[in-house]
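So the sequences go chain by chain: D and E.
Residue numbering for the first sequence follows the working numbering, starting at 1 and increasing by one per position.
Residue numbering for the second sequence follows the working numbering, starting at 313 and increasing by one per position.
Treat each hint with caution, since some may be false.
[Unchecked claim] Mimicking SDA-like on lysine to any residue, the simulated pairs with C-alpha atoms at most 20 Å apart in a straight line are:
id, chain 1, residue 1, chain 2, residue 2
1, D, K238, D, D254
2, E, K759, D, H25
3, D, K296, E, R575
4, D, K18, E, T757
5, E, K727, D, A289
6, E, K721, E, R693
7, E, K442, E, C523
8, E, K759, D, S22
9, E, K442, E, Y408
10, E, K727, D, D95
11, E, K787, E, E770
12, E, K791, E, G852
13, E, K793, E, R886
14, E, K483, E, V500
15, E, K721, D, Q305
16, D, K296, E, S576
17, E, K791, E, L849
18, E, K759, D, Y50
19, E, K861, E, G921
20, E, K727, D, D96
21, E, K793, E, E687
22, D, K294, E, G494
23, E, K793, E, P850
24, E, K727, D, A297
25, E, K721, D, L301
26, E, K897, E, G643
27, E, K759, D, I20
28, D, K19, E, T757
29, E, K759, D, P51
30, E, K793, E, R854
31, D, K227, D, F35
32, D, K141, D, F151
33, D, K18, E, A756
34, E, K483, D, R309
35, E, K721, D, G299
36, E, K721, D, R309
37, E, K727, D, L303
38, E, K721, D, L303
39, D, K294, E, G493
40, E, K793, E, R884
These are computed hints drawn from the structure, not numbers from a lab.
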Amino acid sequence: MSSLPAPVAPAQPATLTKKILSADHPTWCPGCGDFAVLAAFYRVLERLQYPHQNIVTMAGIGCSSRFPYFVNTHGVHFIHGRSLPFASGVSLGRDDLHVFVFGGDGDGFSMGGNHLLHTGRKNVRMTYVIMDNFVYGLTKKQTSPTSPVGFKTKTDPTGSFDQPINPMRLLVNTGASFVARSHATQVNHMIEMMERAARHDGFSVVEILSECVEFYEGAFDAANPRKGGQFRTIEERKNDGTPEDALRHDTSDDLAACRLASQPWPGLFGVFYESNRPTKNRLERGLIAGAREKTKAAGDLELLQSSFRRLR
Amino acid sequence: MVLPVPPPTPGVDPTISTPRRPVEDAVIRLAGNSQDGIQTIGGFLARLAGRTDQDVMTYMTIPSTISGGPSIFQVRMGSGEILSSGDQADFLVAFYQHSYDEHIESLRPGGVLIYDSGHVVPNPDDRRFKAVGIPITGATVEAVGGSSKEKGKNLFVLGLIARIFNLDVAKIAGLISERFGGKSEDIVRNAMLAFDAGYATPADNLADCLCRFEAGAKRSETGGPRVSMDGNLALSYGLIAAGVRYGAGYPITPWSAIMETLRSELPKYGGIFVQAEDELSAVSHALGFAYSGHLAVTGSSGPGLSLKMEALGWAVMAEIPLIVINVQRGGPSTGMPTNVEQSDLMQAIYGSHGDAPRVVLAPKDVEDCFLIALEAGRIARKYSTPVIILTDQALATRIEAFHEPDLTKLMVDPKPDLSPRGTDYEPYPLDRLTRHAPPGAPIATGKYPSVSGLEHDELGHPSGNPEMHMKMTAKRREKIKALGASLPVPEVHGDQKGDVLVVGWGSTWGPIREAVGQLRAAGATAGQLHLRNLHPLPPGLREIFLRYKDVLVVEMNDEGLYGYGQLAMLLRARYALPSIGSITKTDGLTFRISEIVNRVTQARAAHAGANGTRT
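Please build the complete structure, drawing on both the sequences and the hints.
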């Protein structure tokens, strides 16, 4: 097959460590939740040990979208809101790559809202981490699509009144095949969610509540035990036949996931939804396999020559 | 029901005693509704011409409604070299009264009007034409049988045309069975019944309009078979030959045919074409494919290109190769979606934001649609840049026959370059062309590059350094200039110096060439310069322009606020020559030869009257 590159032997046998994976020093404000997400991502890559050159880190525009500069992998800093279709091209173009996309609530839910819908619907294989801080930080405190009602910003000085997006409900309804939620102060939980997302074959999304200390301080204290809040995690069904198991969350049930997502603030954390429906990657490969079977795997030259012959 | 008439031997028609009138070429305009399948007649005639010694060019308009509405298909075929679809029709086939009313003026005096006597009542006082009434609908229904209603009228007319021009019936029958062979036998049978009925039209009705194509000069380039296709198909195959295996698009007329072709063709080659949720996603997908190491394509028409512009700016900044196709149509906004215009040139060159130099090419005919895709691929790879191909609605839909290209020499290997990059690898070197290292390529230093839309240094790190922005802006500019300097000086057709040089770009090549021929025949010294490379421009233009009293740029766009079409404006800005003038039009139709001849003559007279001064 012309399009698939031959597998490349790992360039360096050395195991990937945080030291190797660190790149430019982050430009985030001191105390920003995104530092913890970055640290957790290094740990995830340490666990996964993919070939270094086959990891791609991508982002759109926003504070959190500076992410690729801070990770020493092949990286892309694309335009605002369009990182998902770009990443879809990378993922569909190259099955041998591990595609990670980072971004914020503005990039993902506002500018990129339509792409979120369709990447979910198509179930393109990649991992998408949304660092949600409920506010526009890079442009200095405007209302974001997740800003709660009443939140005062420069664009809503008397308090926002547009209903915010419920990310979990939205994501489950897009058709994304892995949907999870975490909190930047809960490092182990973040690592677990991101690792499961990375190992998932499909469009896997993790929303991480990541505080903007500059423009929305204390936004997520309600879920931070060190600030007097409660970090309540989802108990997933184990299918062990016990009576208490029936009360646990069935992650394959999208309606149950939506009900969980509708719990009052600060809600639950963990995996809301998981399914193994086929990815677009696999379906496209199937289309290719079918087409090549029909043409008896004819070579490129032969194929085009026969097309021209039909037009003589 | 009439029994089908056995196809007579080509060239021998025992029922006709009068000799056929020899013609060099003929323009046949078929006017009906879009669901009548008149495009099919044109398609058959074009394919037939490709298989014989005749040359052919077609022209069509379709309404932008889903079904119904008036539609025309014009075919010019003949034994000489056919460069345009012709100014006036020699034959008009009118299916309906509105077809007659709308198009009778496109028939030249002395031309032949063939009308469906079941639908059309021509003006009996109009004696300019030879009118032939034939019960097209009735005879088709009678021939095929009642069940298929009026379907097959197009094949009846095809049979009629074959009779009038003494076309090769066996070859047409072959084309019909190829075309419908995949369907049920009944369909082929009905198609042949309708065709035969048309062919068998009583000779008395046609006696005075029967003709034959002159043997004409044998083709200069013999050797190799010829293929017939429209511009969109030629461009699609050109992309495949250029090594494009991945792409993304969003439906819009007249671009859609390219994405439909690629969606069904690319999987055979191991590739993928994505129908994206919108234009922004389409260009982003394509850039993702390109970043991952594949030569990729996206495309659209007018409004869709506007939506892609931000991402195109990123591609310039990040120096990622990409082919972008714009099948231009009448604008702005939804404009005239099924008409032709060349009004996106400035957008192609200067659209997006900031200083974002990129490459813009335009094919001159259908064959060139194929070739220009290869050129776009070569440039995109070598200079790591987006390349825009400006084709248009007229080129997209017209069918021409051309010599089958030698694919063994042209096919480009599509494999991504995943070779390890050495310790000296820099993603954005200031003194060399950027060579994108796709993911999967190991980097010897262990430092992996960021591909960035932020201004960056040589290693791809964001940089707000004013000097670095100046250097990188210059780098991106100079590589495009280097491409310009490497291009050959374009050839001038016709007189190499003298009264007037007619400059064009894109699909106007054919009519301009014929117009220049007529101007020269009328005594002017005239040359034609046609630009394929619109940005950067090729070298040597100033020297060429200086050899003529007038340099007139012919293009299908508006003269704008300052009196010059878009290319004329650029050439005046670039060369600052007062001899450069502009001929534009915005009626959504291709240039007629006579229009160009008249406008050039007027412009020359005006120039002479102004004592050689032009402001």
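Evaluation of the provided hints:
1. D:K238 x D:D254: 17 Å, holds
2. E:K759 x D:H25: 14 Å, holds
3. D:K296 x E:R575: Holds, at roughly 19 Å.
4. D:K18 x E:T757: Holds, at about 17 Å.
5. E:K727 x D:A289: Distance ~18 Å between K727 (chain E) and A289 (chain D) Cα, so the pair holds.
6. E:K721 x E:R693: 18 Å, holds
7. E:K442 x E:C523: Holds: K442 (chain E) and C523 (chain E) sit about 14 Å apart, inside 20 Å.
8. E:K759 x D:S22: 10 Å, holds
9. E:K442 x E:Y408: Holds, at about 17 Å.
10. E:K727 x D:D95: 14 Å, holds
11. E:K787 x E:E770: 11 Å, holds
12. E:K791 x E:G852: Measuring from Cα to Cα gives roughly 19 Å; hence the hint holds.
13. E:K793 x E:R886: This hinted pair holds, its Cα atoms lying about 14 Å apart.
14. E:K483 x E:V500: 15 Å, holds
15. E:K721 x D:Q305: 12 Å, holds
16. D:K296 x E:S576: Holds: K296 (chain D) and S576 (chain E) sit about 16 Å apart, inside 20 Å.
17. E:K791 x E:L849: 13 Å, holds
18. E:K759 x D:Y50: 16 Å, holds
19. E:K861 x E:G921: Holds, at roughly 13 Å.
20. E:K727 x D:D96: Judged against 20 Å, a Cα distance of about 14 Å means the pair holds.
21. E:K793 x E:E687: Judged against 20 Å, a Cα distance of about 17 Å means the pair holds.
22. D:K294 x E:G494: 16 Å, holds
23. E:K793 x E:P850: 10 Å, holds
24. E:K727 x D:A297: Holds. K727 (chain E) to A297 (chain D) sits at ~17 Å (cutoff 20 Å).
25. E:K721 x D:L301: 10 Å, holds
26. E:K897 x E:G643: Since the Cα atoms of K897 (chain E) and G643 (chain E) sit roughly 13 Å apart, the hinted pair holds (cutoff 20 Å).
27. E:K759 x D:I20: 9 Å, holds
28. D:K19 x E:T757: With a Cα-Cα distance of about 14 Å, the restraint between K19 (chain D) and T757 (chain E) holds, given a limit of 20 Å.
29. E:K759 x D:P51: This hinted pair holds, its Cα atoms lying about 14 Å apart.
30. E:K793 x E:R854: 16 Å, holds
31. D:K227 x D:F35: With Cα atoms ~19 Å apart, K227 (chain D) and F35 (chain D) stay inside 20 Å; holds.
32. D:K141 x D:F151: 10 Å, holds
33. D:K18 x E:A756: Distance ~19 Å between K18 (chain D) and A756 (chain E) Cα, so the pair holds.
34. E:K483 x D:R309: This hinted pair holds, its Cα atoms lying about 15 Å apart.
35. E:K721 x D:G299: Holds, at roughly 15 Å.
36. E:K721 x D:R309: 17 Å, holds
37. E:K727 x D:L303: 17 Å, holds
38. E:K721 x D:L303: 15 Å, holds
39. D:K294 x E:G493: 19 Å, holds
40. E:K793 x E:R884: 19 Å, holds
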